[in-house]
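So the sequence lines, in the order shown, correspond to chains A and B. As numbered in numbering that gives the first Met the number 0, residues 0 to 390 make up the first sequence, in order. As numbered in numbering that gives the first Met the number 0, residues 0 to 117 make up the second sequence, in order.
No wet-lab data here; the hints were simulated from the structure. Even glycine gets a Cβ: it sits at the ideal position worked out from N, Cα and C. Hints are supplied without guarantee of correctness; some may be wrong.
To be verified - Derived EDC-like pairs (lysine to aspartate or glutamate); straight-line CA-CA distance at most 16 Å:
hint, chain 1, residue 1, chain 2, residue 2
1, A, K141, B, D113
2, A, K141, B, D87
3, A, K141, B, E107
4, A, K141, B, D89
5, B, K74, B, D12
6, B, K74, B, D49
7, B, K74, B, E107
Stated by the list, open to error - Just the calculated beta-carbon pair ranges, DEER-fashion:
hint, chain 1, residue 1, chain 2, residue 2, range
8, B, A18, A, H291, 56 to 66 Å
9, B, S10, A, P97, 16 to 26 Å
10, B, E30, A, Q248, 52 to 62 Å
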Amino acid sequence: MLARSFRDLDLAEDAAQQAFAEAATSWPRTGVPESPGAWITAVARRRAIDRIRRESRRDTKQRQAVASTAVPAWPDFDLGGESVDDDVLRLVFTCCHPALAAPAQVALTLRLVAGIETTAIARAFLVPEAAMTQRLVRAKRKIRAANVPFRMPDDARLPDRLGSVLAVIFLAFNEGYIASSGDGVGRPDLCEEAIALARLIVDLMPDEPEARGLLALMLFTNARRRARVAVDGSLVRLVDQDRTRWDQQMIAEGRELLRRCLRQGRPGQYQLHAAINAVHTEAATFVDTDWHQILALYDHLLEIAATPVVELNRAVALAEIDGPHVALVAIDRLGLDGYHLWHAVRADLLRRCGRDDDAGVAYERAIDLTDNPAERQLLQRRHAELPTALN
Amino acid sequence: MTRYLMSVCYSPDATPPTANELEVIMADVTEVHRQLRAEGSWVFGGGLHDPSTATVVTSQDGTAVTTDGPFIDSKEVIGGLSIIDVADLDAALEWAERTSRATRCSIEVRPFVDDHPE
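Throw the hints in and build the complete structure from the sequences for me.
Pasting the structure below:
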């Protein structure tokens, strides 16, 4: 009954809208909370739960009658109760159901769980608002028509399904992180929203090390944000970053999370990526980086998730240990010709091998394949710095 | 409960199974159907002859036009179907997985309209 009433996802959406209305009225009085995203999630959560409870006490007829009248005042909040958490998790797993396409999963999660307005989601993903509205409408209609269950997956499916939840969160984060260096004007802070969502999952599923690993990974990454973009808006490479500008508080939190999840002894790709990032944060300068440790972590990562992109990243570490020639051999067999970062890494390696002409060609390919203005700017500068640059 | 149509999709370009393989497939499919019946989830189903055996009838202005051949020429065709009645999409997907394993084909799952009598 409860599930049936909440399966009408418009309820959840209403709750999110109310949270925004609440934010608008209470922030001027109390000041903007430290993490507005997390705050709104918490409020929307209370609202949604509150409405579920209210609705679940009524039969359908009464509910229909009530729906047309004014919204009653909230009863007292009960954030600690088990069923509250369960309902939030059910909502998350429903939004990230594999029967929905990944873009729809992300949009639904941001709308219904994080409570971001459709306009803002559309802006974040650079699609027209009408298209985003359509995406959400279609997804909700599918959930209703196909009878996607509003419940936690069973134990056998949980690892897979949690995987798609974490992937959705990471997708939102990356969209925010990559965009944050571009013309990020007026886009919602997806990184912060993604971190808030991951906190929610860690909170509700404390026994899942990968959720904690993902949160740690995003904190480590986000900690470098200020140092990652130069005054002119171009990207700053890890080697050139001013490490004193890294957010030490985020790094410390990431380390604590990582320590806790690694202790569970069930490493996964997010934990390993987080561990690689942790090693970087431990080095005071680029040359102090423990590359052997990083290489070992990449090897471990390849054992559980062998992808050409992981191989490419491993080669970057390999170049610091065995030199650019060895790394070049390693990346040349990856078949990533359509990937701008493959050309960018290759260009840097060729340059270090003294093959400036080849490096120039590789930079040009990388620039051609890059959509992001900040990345393009960095690549153009690197290209122009070549002693034999043709232009 | 919701009723779903499970369509067995295959590519006509793919190499058809040998007689022996087909025998194994039929046995596996029959077993899935038996399980569906045992759980009370079975509504209807069966295999189809290939699309070249299809006939299309279109009624226009009171006259019916009958044409030879399938209505839609597509890269994938439907080799058979089952209609099942189960609790929700997750249950349907579970059966689709078993049917896919048995048929060695992709299964498209679609819900029937008007299946939520309150």
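(message) Taking 16 to 26 Å as the stated bounds, is the beta-carbon spacing between B/S10 and A/P97 within them?
(response) Since B/S10 and A/P97 have Cβ atoms about 23 Å apart, the given range 16 to 26 Å holds.
(request) Take the C-alpha atoms of B/K74 and B/D12, compute the straight-line distance between them, and say whether it is at most 16 Å. (result) Distance ~8 Å between B/K74 and B/D12 Cα, so the pair holds.
(request) Below or equal to 16 Å on CA atoms is what counts here, so check A/K141 against B/E107. (result) Given that 16 Å is the threshold and the Cα spacing comes to 14 Å, the pair holds.
(request) With a cut-off of 16 Å on the C-alpha distance, tell me whether B/K74 and B/E107 pass. (result) holds, 14 Å
(message) Looking only at beta-carbon atoms, does the pair B/E30, A/Q248 fall within the given range of 52 to 62 Å?
(response) This hint holds: roughly 59 Å between Cβ atoms.
(message) For a C-alpha distance cap of 16 Å, please report whether A/K141 and B/D87 respect it.
(response) holds, 12 Å
(message) Check whether the Cα positions of A/K141 and B/D89 lie no farther apart than 16 Å.
(response) holds, 13 Å
(request) With a cut-off of 16 Å on the C-alpha distance, tell me whether A/K141 and B/D113 pass. (result) Within the cut-off at roughly 14 Å; holds.
(message) Tell me if the straight-line CA distance from B/K74 to B/D49 falls inside 16 Å.
(response) holds, 13 Å
(request) Note whether the CB distance of B/A18 and A/H291 lies within 56 to 66 Å or breaks it. (result) holds, 58 Å
In this structure, none of the earlier numbered hints is contradicted; all agree with it.
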